[in-house]
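Each protein sequence line maps, in turn, to chains W and X. One gets my numbering by counting positions in the first sequence from 1 and adding 105 to each. One gets my numbering by counting positions in the second sequence from 1 and adding 105 to each.
I should point out that these hints are in silico values taken from the structure, not numbers from a laboratory. Careful, some of the hints might be misleading.
It does not matter which identical chain is used: a pair holds within one copy or between any two.
Said to hold, decoys possible - Derived DSSO-like pairs (lysine-lysine); straight-line CA-CA distance at most 27 Å:
1) K309 <-> K190
2) K134 <-> K268
3) K420 <-> K452
4) K344 <-> K208
5) K491 <-> K471
6) K484 <-> K283
7) K201 <-> K445
8) K420 <-> K445
9) K328 <-> K276
10) K336 <-> K211
11) K486 <-> K420
12) K485 <-> K420
13) K309 <-> K338
14) K420 <-> K277
15) K420 <-> K484
16) K229 <-> K277
17) K291 <-> K355
18) K268 <-> K328
Values in this document were obtained by computation on a predicted structure and should not be read as measured data.
Protein chains: 2
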Amino acid sequence: MGISAHVICIGNEIMLGHINNTNAQYASKNLASIGIRTSEHLSIQDDPDTIISSIRNSLRAADIVILSGGLGPTVDDITLDCIGKSLERKLLYNNKVAEHIKKHFKKRGLVMPRNNLRQALVPKGAIPILNNIGSAPGLLIPVHGKILVALPGVPFELYEMFKKNVLPYLKKRFHPDKIIKSRVIKITGLPESKVNEKLEDILKLSGNVEMGIYPHPEEITVKITVTDKNKNKVNAIIKKIEKKIRLRLKDYIFGYDDESLEEVVGRLLTKKKKTLSVAESCTGGLLSDRITGVSGSSNYFQMAAITYSNASKNKFLAIPVEIINKHGAVSGQVASLMAKNIRLLAKTDIGIGISGIAGPRGGTKKKPIGLVYISMSAKKKTICRKFLFLGQRDIIKRKASQAALNLLRKELCSALS
Amino acid sequence: MGISAHVICIGNEIMLGHINNTNAQYASKNLASIGIRTSEHLSIQDDPDTIISSIRNSLRAADIVILSGGLGPTVDDITLDCIGKSLERKLLYNNKVAEHIKKHFKKRGLVMPRNNLRQALVPKGAIPILNNIGSAPGLLIPVHGKILVALPGVPFELYEMFKKNVLPYLKKRFHPDKIIKSRVIKITGLPESKVNEKLEDILKLSGNVEMGIYPHPEEITVKITVTDKNKNKVNAIIKKIEKKIRLRLKDYIFGYDDESLEEVVGRLLTKKKKTLSVAESCTGGLLSDRITGVSGSSNYFQMAAITYSNASKNKFLAIPVEIINKHGAVSGQVASLMAKNIRLLAKTDIGIGISGIAGPRGGTKKKPIGLVYISMSAKKKTICRKFLFLGQRDIIKRKASQAALNLLRKELCSALS
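Only chain W is shown next, with the shape it has when bound in the complex:
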């Protein structure tokens, strides 16, 4: 069975659908990384009876109960009181926590509202976690061999405490004897149905292996999760499955785990010592934004021209008006010239040109919404590809920027010169 955890999130804003609850996912992902499986996520309203009974139920069913939310300084924040009641423990004023809260306000040049000292109350036997971002402390509360963890609902505060304090504590306290390891394989350029078809038997694996396939507009991720007591066995199983998948999907796989396509491309550009410039039309800056989202991109990325209007295509990229008139701004000819001319103007090794129709207006029968030409120009080679992307404006922009990066990746992997 192994160690099990429940995550309880408290807040009317979750019940009204006002916020997306990312805390539960964060907690479960990180618990899995130390071999602890979550068996339940529960979100409830700011109601004392519900909170008290939920804490009690979860402490019966699981070894670890993570609570988030309701630790703020206002009267609506009733989690602390409810913890006290459900455990039948007194709340004691903690000097260390109080001093930390006072410092929090002083450092920011603010006057501490009296209310905030409520946050210095700590259930008997609890270990407080000082908050380096906000004012509410977290709590680690041992309860008859189990652990109740209470954390603030603000995601960045919860994340920090979870990584820095909660995980190391739980690891030490429970010595989870199982390893849960996941490997993510990232695929682009192939529709989900094709990936499904090619991996059909692999996706059906079960037992200590769990397979998942998650489609996104611009990429598909396949996740292998293996649970076992033996670390070497876990690694060997993952390696074997990964190898099989690689053999079948080949260079449709662009990366692994948290790596983004722009990071992969950035690594390749750095390795091959190539510089890049970009001319965008329908993607409107998204491609440049993704490229410059990678730290260190200034080493290979020189500049981009976002030539949205025809006039700017002519003026800044020197694309002859006759060519635009003859073939249209959305054409292979124009995209290729965009790629070539930005490369020459910016004096980079590679130029990318994108021209298309992102919609929702501007489509015609001959040139429908989603039609996008992407060109890559290097000294000895120019290629241009035609795509027809489905979806709304933002999805078409995302898919087009992805296809451009993928074109570049493939060329960089082959012997681009």
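Chain W is already provided as a structure; the job is to place chain X on it using the hints.
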């Protein structure tokens, strides 16, 4: 009390933290729009006993139970079986559903795997919802005056069924007598602590009013939610609170409800018949991406130069090397010239220039990470502002693009010429 709902999401991928569960939020937000409050979100593993007991518990506690996930064609998809068991109802083969599934595959030129016909099984008394995107049908199941709704876990499939079938059905079935209405007020340019201070008493309102404040790196949203039987009363209360907030926060408020800052700016540019060009450095294309994310932006947006390197600032924006050398690329002088020169080059009414240090490298004591200069140039006016943003690379990019749009908004609201 009113009608209450529970949302149960089924899937090991949620428990492992592999996916963010957006279905629960979507369901609650939309239920609230027709006056139904959610009192619980529960996510559980693909385990028959857990699923069966969760369905039974929720049907005891709530009037409406929404299930998502586990309706696929594979052996792992056990939700249908569990529904049958928990309600003690037989699953009957439904011809209409079967035909629809066959058509789904035929339309896509695919051979239907035999497994998929499992999806044509429907619990006795259930009303199937045909799926226009995937193959799994949804189900509306009346249970002793209550309703169990089962929907596929794939978000886009669930969203469509929810809007098209589930909401109209529930509205007709339950005639919710309460109205839950929310109004979102969007604020930028003011830190959260200041907003809190200015709205302290308003944020404490309770009773049939629920107030929420949600900080994001680049903006703060304040949500007013009012629940009452009387529509006019609800609207009057919201109007009154909104007016109070407007009086206190004035032009720090940039928009309402779902409107983004780039949409507000786009509306203003269109109304004032002004055209725009942009020169970005540290934001790397994000500002242009946001501007062109708005449908119809080609009417006012002409072009952008993403001049990442100093050479490109000189070459494309004609910024003298001496000025770059004297003041540095990150300076008010350079940002102002970027704004002015892109405006002149692109022949637009307004030019924006941004230069800064997004990090994580490149900061110095004199020019730290997060230092950003933003300039706006118009025929009769040039302004330049200095900012110091905190956060990681992506957060600094987001904050800088927001500050640029906000500068533009404020100028467009005054008498920019």
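Inset, instruction - Check each numbered hint from earlier against the structure, then list the numbers of those it violates in ascending order. - result: Violated hints (numbers, rising): 4, 6, 7, 10, 14; every other hint is consistent with the structure.
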